[in-house]
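Engineer: Chain by chain, the residues run as shown.
4 protein chains.
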Amino acid sequence: MINKKTVILLISSPDKEGLVYKITEFIFHHKGNLLHAEQHIDKETNYFFMRLEFEISDNTYDKQSLLVDLEPIKKQYDMSIELYFKENKQNVAIFTSITEHCLYDLLIKNKSGELDFNPCCIISNHQNNENIAEHFNVPFHHIPVMPEYKKEAEESQLRILGEYNVDLIVLARYMQILSPEFISCYPQKIINVHHSFLPAFVGANPYNQAYQRGVKIIGATSHYTTNTLDEGPIIEQKVVRVSHKDSLEGFIRKGKELEKQVLSQAVNKHTQKKVLVFENKTVVFD
Amino acid sequence: MINKKTVILLISSPDKEGLVYKITEFIFHHKGNLLHAEQHIDKETNYFFMRLEFEISDNTYDKQSLLVDLEPIKKQYDMSIELYFKENKQNVAIFTSITEHCLYDLLIKNKSGELDFNPCCIISNHQNNENIAEHFNVPFHHIPVMPEYKKEAEESQLRILGEYNVDLIVLARYMQILSPEFISCYPQKIINVHHSFLPAFVGANPYNQAYQRGVKIIGATSHYTTNTLDEGPIIEQKVVRVSHKDSLEGFIRKGKELEKQVLSQAVNKHTQKKVLVFENKTVVFD
Amino acid sequence: MINKKTVILLISSPDKEGLVYKITEFIFHHKGNLLHAEQHIDKETNYFFMRLEFEISDNTYDKQSLLVDLEPIKKQYDMSIELYFKENKQNVAIFTSITEHCLYDLLIKNKSGELDFNPCCIISNHQNNENIAEHFNVPFHHIPVMPEYKKEAEESQLRILGEYNVDLIVLARYMQILSPEFISCYPQKIINVHHSFLPAFVGANPYNQAYQRGVKIIGATSHYTTNTLDEGPIIEQKVVRVSHKDSLEGFIRKGKELEKQVLSQAVNKHTQKKVLVFENKTVVFD
Amino acid sequence: MINKKTVILLISSPDKEGLVYKITEFIFHHKGNLLHAEQHIDKETNYFFMRLEFEISDNTYDKQSLLVDLEPIKKQYDMSIELYFKENKQNVAIFTSITEHCLYDLLIKNKSGELDFNPCCIISNHQNNENIAEHFNVPFHHIPVMPEYKKEAEESQLRILGEYNVDLIVLARYMQILSPEFISCYPQKIINVHHSFLPAFVGANPYNQAYQRGVKIIGATSHYTTNTLDEGPIIEQKVVRVSHKDSLEGFIRKGKELEKQVLSQAVNKHTQKKVLVFENKTVVFD
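Residue numbers (this note's numbering), protein chains in the order written: chain Y, 40 to 325; chain X, 40 to 325; chain C, 40 to 325; chain V, 40 to 325.
No lab work stands behind these hints: they were computed from the structure.
Possibly wrong hints are sitting among the right ones.
[What the hints assert, rightly or not] Computed list of lysine-lysine pairs in DSSO-like fashion (alpha-carbon distance at most 30 Å, straight line):
1. 128/C / 284/C
2. 82/C / 284/Y
3. 284/C / 55/Y
All chains, full assembly: derive it from the sequences and hints.
Structural biologist: What follows is the structure, encoded as structure tokens:
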């Protein structure tokens, strides 16, 4: 029996004739077996996006040789390319504060296989979730964030992230705003959950804003963190009906379900390499 | 056999002990048979809202005598009261411009009995929907609205509304902004549909705004028109999922389904007297 | 300051004039302050259902004296009555097998206050969830259920339930069928979750049945357990879209979210005494 | 300027290496410009499905020459192939009985461009919808269906369908069961709407069945008609929440919205050639 490995190939480029042909020819000539392919053309900008999964035998090509062989097509079509081996799990750091529902949800789903990442550490500005980290056997780092020592706190965080060789940071209701310097170290690698249906109710206390406005539906949004608060590319949104019968506490209780779902969905899509960012939007493949 | 008529009683007041007792006592002593009762207490303001439906025999009390008999309770509890006979259909005027889906939807549902109002007229600043009016046998009034003659146009509209003794104006994708003077003639009696999930994307071209922002869910909102654009009390909202695969035209197509639903739902609730406005919010009973 | 306690009163009876009046008079005369009231009349059978919450001062009436005082109305209107003090938490036993997502969900939500019961014990026919019980400090009882010793196993279960004075049994993906004898000990006090949109796909492997049928939506259902498999009164249902892109594993993964939600929602409604069973249906108040 | 035409190519075949490569090579060598491509592999059966849209210049190839050129690939990969020119609208016959909401919905959406078919005729066993046909300028054929003359009625229907060269029959709440002989003339070309969430509540009066069972969600299903009642391949399903507060009439009213949506969605997908039937399931591309 020949061992196989699965390659994930992400492509963005201006749309031109023959693109899919050239890519599938490449796979065919490398004796790859195409498992999945999804593509999208943005009609406004005429930009092309593709995600392919294909199997190759384990000992034929490594990442470097595949990238070298892709170079001519890449040049010809002016492509951006990302290439992963599916077998390599992503290293994920989870940031939390006091609330625990998103943290629990990510760790339970990862334990049961619904999510599939390597939870390398939990970093929190509060101590209280340490016992959850212990329950799931994930290293816990308590780094208080005092306003006057925020820079030092972020330096400690970055050092820890570096030690774990982190691929993705998940802000699981982490109640601190990250500095532009911090964000620039992990571009499009920080996923946040905002507890509103963005762009409605940016900023603080979105449930209270929604309650005061008398909306009939509330939502939650997961997105990549950028320097503009709550304005990064949206990955997933979910909503639930509310009515005059729901108190503010009812809004919060219902919203917690949404927060868990949009955040775990975003982590799932990102770690499976199904999200392509384009300007301030995302292409999220199925 | 004794003929019955059904009374709808709407009450708003500060919450006090004995309110429901006193009201149901009133009904009991008037030999009324309670069919439905719904109530709500707003915990922030301690305000009480109630809607009751009860049957009385046809020849015992008219509206005036019931209101007189309610006067002592009304005073004791500092109530606002509205009283209707269910058998009296509401007179509804529909305002349209060019698009026809909401107009069709209201008229079809009213014809089939899903809605239950008296469609007394259609007023439009365009001619094209006249054949729809004819198909459903509703008088059609074409009143062009030129920017420089807007005041005159509104005067014509108001005159027509007065002739038909209109109880409710429904803006079925009517693309003109009404003046404060016009609105003040029909307070909480003008229902608009906005093609976004308010408060996101107020103003013009909400689908395009949503498309540019890259949201994953779009919505539509029906609300009472007030002097502040798109900020009146929300009656109903609905949403639908979109993705990168949906073009702007796709957003619009999906949104049209929502617009019809939130508008007809609002008309249904309003004409059944199930909406109570409270500050800038609504209590919408089932 | 006078201490208050909150009374929950559930009423079912044939509909007759004056019912609400008499009940609210009762509350008024007992110096109760009505907090919530919801009612429903089943038009087919002309049956009346009501749930009231009212505050009374702590030292005036106990449960027994209230029930005695209600006796005349109860007789006059042929009522079934249940009366609870809201402050008394319900004793809940959770039954599990191997899967853990529903168990986790119930315990996390109870810890955070979204649910509000006394988790008196976890009973499982498998050992693997013991560490979850420990994490949440809930007693764990491992009772294997061998087909040939099922009677003995149920006797052990019933003995434990009796010791904890259990009010409600929650089957959190418990993969054993309970005997009629067992069920008869806890009528309308056993809540099950079935992983399909009942009445579609009763019995074993509902996700596989749904997958084979090629449905475009899957669901989950929480219901009271009766002697007829998957046919008890439905408390809550939720659904999610699927497509040809979802594998059977995808169905299962999406379904797990639904199972958690319908089960915790049912537990929430039941422990708040908001569910009234009527023939094989439920009235679930908001 | 060169005129272009758009080709839609549907492929089903056992999955083999190089499939996508060979197809896109074919398009490339025919100077086609790929606009859309979607594919799916059924993992259980290892079957491959693909839908491609590509532009070619108007005067280079006709349908016949393209099919001839595809023959070698077709043979090599054991493919089923369908090929359409997007510019050719599908001829659709709508069958109705008394209810009108689905009929209205299809014709309004087609008029406004949301649907895009050629409505060649309406066939009804009742006279009442004739004025709707007139309003939309569609030929109306009244063919009563008496139980004892059903064969003759179907012969009349088939003759009319033949005259209009009908591509698709849409049963818009047509309340007659078609004979196997009739169905065999239009295999996978008859779309029905069933007013339940199939496979729950097959057969007559599904809303009443749902009402009696006390479900909390109702649905509607569009599917291809086969000889087994309500068991054909499902194209689309939608659902809406109900509660004890909804009467049977409420179920019906809410369900009508769903019926319209699932039926028009199915017609949209079918006429755009986005549905592939596989055993008793469908692949519905976006």
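Engineer: Compare the structure with each hint and give your call.
Structural biologist: Cross-check of the supplied hints:
1. Restraint check for residue 128/C and residue 284/C: not satisfied, since their Cα atoms lie roughly 45 Å apart, outside the 30 Å limit.
2. Proposed proximity of residue 82/C and residue 284/Y is supported: the alpha carbons are some 24 Å apart, at most 30 Å.
3. Of the supplied pair hints, the one linking residue 284/C and residue 55/Y holds, its CA atoms being roughly 28 Å apart against a limit of 30 Å.
Of the numbered hints stated above, the single one contradicted by the structure is hint 1.
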